[in-house]
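> So the sequence shown is numbered by my numbering: it starts at 1 and just counts up by one.
Take the hints with a grain of salt, since some may be wrong.
In silico lysine-lysine, DSBU-like type, Cα no more than 30 Å apart, as pairs [what the hints assert, rightly or not]: (1) Lys-154 / Lys-192; (2) Lys-293 / Lys-196; (3) Lys-229 / Lys-132; (4) Lys-155 / Lys-192.
Quick caveat, the hints were computed from the structure, so don't treat them as lab data.
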Amino acid sequence: MQTIIHIDLDAFFCAVEERQNPALSGKCFAVGGSPEGRGVVASCSYAARAYGVHSAMSMARAKLLCPSLIVLNHHRGNYRQASQHVVAILRKFTNQIEQVSIDEAFLEVSLLEKTREETGRLIQAAVNENTKLPCSLGIANNKLTAKIANDYGKKRYKGLHYPNAVTVVPPGREREFLAPLPLPYLWGVGEKTTAKLAGHGIKTIGDLAEIPLAQLSEWLGANAAWLHKAAQGIDDRPVVAEEAQAKSISNETTFDHDTIDAWLLETTIESIAKGLAKRLAEERLRATVIKIKIRWSDFTTITKQTTITVTDEYSVLAKIGKSLLHSAWNGSQPVRLIGLGVSGIVKRSEQLALWDEEVEKNQSLAEALFEIEDRFGKAAIRFGKHRDKDENDPSP
Numbered sequence: 001m002q003t004i005i006h007i008d009l010d011a012f013f014c015a016v017e018e019r020q021n022p023a024l025s026g027k028c029f030a031v032g033g034s035p036e037g038r039g040v041v042a043s044c045s046y047a048a049r050a051y052g053v054h055s056a057m058s059m060a061r062a063k064l065l066c067p068s069l070i071v072l073n074h075h076r077g078n079y080r081q082a083s084q085h086v087v088a089i090l091r092k093f094t095n096q097i098e099q100v101s102i103d104e105a106f107l108e109v110s111l112l113e114k115t116r117e118e119t120g121r122l123i124q125a126a127v128n129e130n131t132k133l134p135c136s137l138g139i140a141n142n143k144l145t146a147k148i149a150n151d152y153g154k155k156r157y158k159g160l161h162y163p164n165a166v167t168v169v170p171p172g173r174e175r176e177f178l179a180p181l182p183l184p185y186l187w188g189v190g191e192k193t194t195a196k197l198a199g200h201g202i203k204t205i206g207d208l209a210e211i212p213l214a215q216l217s218e219w220l221g222a223n224a225a226w227l228h229k230a231a232q233g234i235d236d237r238p239v240v241a242e243e244a245q246a247k248s249i250s251n252e253t254t255f256d257h258d259t260i261d262a263w264l265l266e267t268t269i270e271s272i273a274k275g276l277a278k279r280l281a282e283e284r285l286r287a288t289v290i291k292i293k294i295r296w297s298d299f300t301t302i303t304k305q306t307t308i309t310v311t312d313e314y315s316v317l318a319k320i321g322k323s324l325l326h327s328a329w330n331g332s333q334p335v336r337l338i339g340l341g342v343s344g345i346v347k348r349s350e351q352l353a354l355w356d357e358e359v360e361k362n363q364s365l366a367e368a369l370f371e372i373e374d375r376f377g378k379a380a381i382r383f384g385k386h387r388d389k390d391e392n393d394p395s396p
C-alpha cells in the first residue's frame, strides 16, 4: 500500500506577490495582462474570486465584475525561484517527487512512519514556515484520488485568503469518497462527456462506477476503459521522479479552465520564451533544440520538438514555439497546459567562432531588452504585430 500526496500551491502567483507586498492581503487583485488591451487573468486572489473572477478570463471582464480589482504584472523569475524553494523543502521528506507544473507536484511518502494526516500537516507546515506560501494537500492511495481529494478540499473553502487545506482519503475508501462527487472531478470528463453521460442518467462518479465497461465503451469509445477504472478509485500510475540534474530548461503554464483561445496560447508561449531566454542569457548558455508540451483536457500530453543551429534569443524561441503549437493543435481541442523548453544546451564559449559576431550582437540587444523589463515591467516590451495598411491611412 502506497501513500501519495498531491500538493498544490494556493493561488501561487498571487501568494508570491502578496509575500512581496503584504498590503495586498485580503484585497481583490489579479496577476496578468492589462485590462486596456487583451490581457488575461493568470491568477487571482480569493477575494477577487468571490466576485466571479477566475483564471483565463479576460482582464477587461474581470474589471467589470470587480471594479476595485488591482492588476499586477507577471514576475516569472520570482515564481520560478519560489517554486524551486518549495521543491527543496519537499526533498527533505522524500526524493520521490513528480513536479507536474510550477505550482503542483505528487509525492510518494509511503516510507514515512507518521499517519497520513500527520505527514501532510508536517509537510504543509514546513512549506508555510520556510517559504511563507500557502499550499493545499490531498492524500490517498493513488495519484488520481489524491488529486481529486485536493480539488475537493480547496473547493470547499469559501474564505477570502487561502485554503491551506489537507484532505485525507483513508485506505480502501477511495470509491466511497468519489461516489457522491460530480463527474467533472474526474480527469478526462469535460463538458461534452458530462452532457453525454447526463443523457444516460449518470450525474455522479458513483453513478459512473456502476456502469459495465462494455456499455460505457459503446457510449464513450476509447476513453471508457480509463473512466471505468477511475470511477472506482483505481489508478496504478507511479510517481515518476525527475532526474536530479536537468538536461534541459523549460517552463509551463496550467490554465484553471481549458482554453481554445489561440491568442492566449500564443501570448503564453511568448511570455515563457522571454523567461527561458533570460535564463539562458544569465547563465551564458545556448540551445539547439526547442520543444513544446501540450496537455489536452483529457490529460493526454504530447510533445513536439525541432532542432536548430543555435539560439538564446526569445524572438526565435517564441516564433518556433508558436509554429510547433499550430503544427500539433487543430484550433478546437481544449488545452489544459502548455509548456516551452530548450535542450541540447551548450556554453556560449563552446560555439563556433563563425557565429560569435552575429550572436553577440543579438545577445547585447536581448540584455538591453531584459534590463528595460526589469526596470519598467514585463509589459514594456511586446512582440510586434503586422496589420494591413488602410489605403486612406496617411500614417507611414
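> All the hints need checking, so say for each whether the structure fits it.
How the hints compare with the structure:
no. : hint              : verdict
1   : Lys-154 / Lys-192 : holds (25 Å)
2   : Lys-293 / Lys-196 : holds (29 Å)
3   : Lys-229 / Lys-132 : violated (38 Å)
4   : Lys-155 / Lys-192 : holds (22 Å)
When the structure is compared with the earlier hints, a violation turns up for hint 3 alone.
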